[in-house]
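Chemist: Given only the sequences and the hints, what does the whole structure look like? Please build it.
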Amino acid sequence: MRIQRLSACAASAVALLGLAAMAAEPTALSLDLDTGGTANCDATRCFMSRVAAIGEPGAAVNMALLFSRSRMQPLGLIIELPATADQQAGIRYGFANADGKTVRAPWSTEFTAPIESCDKDTCVVRIEDDITLEGHDLRKDFLENLGKYAAFAVSFQSGGKQMGAAVSTRLLTGDHDLMVAENKRAEQGQDTGMRQVVGWDVQCRDAICTMSHFIPFEHNGKRDYMAAALQFDRASGKPNTLIVQVPPDADREVGAEIGFFDRPKAPTNRAPAAFRMRFAQCDQTSCIARIASDPSDPDRDLQASFVENILNHSAIGISYHIGGVLVVATDSTVQFKPDYQTLLAELKKPQ
Numbered sequence: 000m001r002i003q004r005l006s007a008c009a010a011s012a013v014a015l016l017g018l019a020a021m022a023a024e025p026t027a028l029s030l031d032l033d034t035g036g037t038a039n040c041d042a043t044r045c046f047m048s049r050v051a052a053i054g055e056p057g058a059a060v061n062m063a064l065l066f067s068r069s070r071m072q073p074l075g076l077i078i079e080l081p082a083t084a085d086q087q088a089g090i091r092y093g094f095a096n097a098d099g100k101t102v103r104a105p106w107s108t109e110f111t112a113p114i115e116s117c118d119k120d121t122c123v124v125r126i127e128d129d130i131t132l133e134g135h136d137l138r139k140d141f142l143e144n145l146g147k148y149a150a151f152a153v154s155f156q157s158g159g160k161q162m163g164a165a166v167s168t169r170l171l172t173g174d175h176d177l178m179v180a181e182n183k184r185a186e187q188g189q190d191t192g193m194r195q196v197v198g199w200d201v202q203c204r205d206a207i208c209t210m211s212h213f214i215p216f217e218h219n220g221k222r223d224y225m226a227a228a229l230q231f232d233r234a235s236g237k238p239n240t241l242i243v244q245v246p247p248d249a250d251r252e253v254g255a256e257i258g259f260f261d262r263p264k265a266p267t268n269r270a271p272a273a274f275r276m277r278f279a280q281c282d283q284t285s286c287i288a289r290i291a292s293d294p295s296d297p298d299r300d301l302q303a304s305f306v307e308n309i310l311n312h313s314a315i316g317i318s319y320h321i322g323g324v325l326v327v328a329t330d331s332t333v334q335f336k337p338d339y340q341t342l343l344a345e346l347k348k349p350q
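80 is the number that numbering that gives the first Met the number 0 gives to position 81 of the sequence shown; each next residue is one higher, with no gaps.
Since the hints were derived computationally from the structure, they do not count as laboratory data.
For every residue, glycine included, the Cβ atom is placed at its ideal position computed from N, Cα and C.
Careful, some of the hints might be misleading.
[Said to hold, decoys possible] Label pairs and their computed distance ranges (CB to CB):
| hint | residue 1 | residue 2 | range |
| --- | --- | --- | --- |
| 1 | Gly220 | Pro105 | 15 to 25 Å |
| 2 | Asp118 | Lys347 | 45 to 55 Å |
| 3 | Leu325 | Asp129 | 42 to 52 Å |
| 4 | Val324 | Ala303 | 42 to 52 Å |
| 5 | Ser331 | Arg277 | 23 to 33 Å |
| 6 | Arg222 | Gly158 | 14 to 24 Å |
| 7 | Gln350 | Ala27 | 21 to 31 Å |
| 8 | Leu310 | Arg222 | 39 to 49 Å |
| 9 | Leu325 | Lys147 | 39 to 49 Å |
| 10 | Glu217 | Val253 | 18 to 28 Å |
| 11 | Gly198 | Asp118 | 36 to 46 Å |
[As the list claims (entries may be wrong)] Pairs of lysine-lysine residues, derived as DSS-like cross-links and limited to a Cα-Cα distance of at most 27 Å, are as follows:
| hint | residue 1 | residue 2 |
| --- | --- | --- |
| 12 | Lys147 | Lys347 |
| 13 | Lys139 | Lys100 |
| 14 | Lys139 | Lys347 |
| 15 | Lys221 | Lys348 |
| 16 | Lys183 | Lys100 |
| 17 | Lys139 | Lys348 |
| 18 | Lys119 | Lys147 |
| 19 | Lys221 | Lys160 |
| 20 | Lys336 | Lys183 |
| 21 | Lys348 | Lys237 |
| 22 | Lys100 | Lys147 |
| 23 | Lys160 | Lys100 |
| 24 | Lys237 | Lys336 |
| 25 | Lys347 | Lys237 |
| 26 | Lys160 | Lys119 |
Modeler: Have a look at this one:
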């Protein structure tokens, strides 16, 4: 996703125009449960972004939600569509529940917006935060709906056909929690000139709780960080998704690994008890890898293979390759244990 372009677009003022004709009633959409997402902050803003497939080869809808860093107030929602989208028809967007992996009309909440501009690559929709306009109060109409419905959906017309995309709100919730944790990390770095060693940030929203952690490292004199986020389901109290984020210069065909060991022995080529993960997405800011928990598969059972391992080892390591060279970031697990107890206490609270 072209984050720099999206961020630049969000900075400009937009006067929303009336539509000559709105998109037709949205059709059934396939719920995308494994899209690529990222979260990051610059000096003044934070953003969360995600790419959702729309069912045609190479076609996708790109979404980015931008926030002010000072108060984490939503600033705008930017949606990029294929260049073939009908600009005169605009879009519909909203939240819905899913029948398995299918989102059907009518949606639970539904709003309309114009397509502001199109070029040879994309069509762009900007929805600026405005509490006086229906569908534009992004805290109420977007963030608060993440915990109420299964999917966020977008529908538009292209070549006389109705098209669209739907992404799991569980993934969007994880993106938001990762962004909040990234903002905290950036603030700590501003205060000291370098990132302080901190624990695992715990964020809960409705049915999902997330633990996230950033590990600094240096490579060729450059200081950077890797991150891990573990999402938990409130109902079961078990982890359901592991997300690893590394810098964008990673060798994309190799992927990343996360594993556990006991100090003073450090990993040299692979951390014991490691998860090998493929990248779901790489863009200009990071590469993201994720796996969904599967208790029937020992290599994907996040409770047994991640939680139990991190509780029983003294260090955690994340690794990836740059130009064939292994890069490893390691950190103590000592802070995970009290933060995990904080998470368990949050999971027991009524929603």
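Chemist: Work down the list of hints and note, for each, if the structure agrees.
Modeler: These are the hints, each one checked on the structure:
no.: 1; hint: Gly220 to Pro105: 15 to 25 Å; verdict: violated (56 Å)
no.: 2; hint: Asp118 to Lys347: 45 to 55 Å; verdict: holds (51 Å)
no.: 3; hint: Leu325 to Asp129: 42 to 52 Å; verdict: holds (49 Å)
no.: 4; hint: Val324 to Ala303: 42 to 52 Å; verdict: violated (32 Å)
no.: 5; hint: Ser331 to Arg277: 23 to 33 Å; verdict: holds (27 Å)
no.: 6; hint: Arg222 to Gly158: 14 to 24 Å; verdict: violated (48 Å)
no.: 7; hint: Gln350 to Ala27: 21 to 31 Å; verdict: holds (29 Å)
no.: 8; hint: Leu310 to Arg222: 39 to 49 Å; verdict: violated (29 Å)
no.: 9; hint: Leu325 to Lys147: 39 to 49 Å; verdict: holds (44 Å)
no.: 10; hint: Glu217 to Val253: 18 to 28 Å; verdict: holds (20 Å)
no.: 11; hint: Gly198 to Asp118: 36 to 46 Å; verdict: holds (45 Å)
no.: 12; hint: Lys147 to Lys347; verdict: holds (19 Å)
no.: 13; hint: Lys139 to Lys100; verdict: holds (25 Å)
no.: 14; hint: Lys139 to Lys347; verdict: holds (26 Å)
no.: 15; hint: Lys221 to Lys348; verdict: violated (42 Å)
no.: 16; hint: Lys183 to Lys100; verdict: violated (34 Å)
no.: 17; hint: Lys139 to Lys348; verdict: holds (23 Å)
no.: 18; hint: Lys119 to Lys147; verdict: violated (37 Å)
no.: 19; hint: Lys221 to Lys160; verdict: violated (49 Å)
no.: 20; hint: Lys336 to Lys183; verdict: holds (20 Å)
no.: 21; hint: Lys348 to Lys237; verdict: holds (15 Å)
no.: 22; hint: Lys100 to Lys147; verdict: holds (17 Å)
no.: 23; hint: Lys160 to Lys100; verdict: holds (21 Å)
no.: 24; hint: Lys237 to Lys336; verdict: holds (16 Å)
no.: 25; hint: Lys347 to Lys237; verdict: holds (12 Å)
no.: 26; hint: Lys160 to Lys119; verdict: holds (19 Å)
The structure fails hints 1, 4, 6, 8, 15, 16, 18, 19 (numbered hints given earlier, in ascending order).
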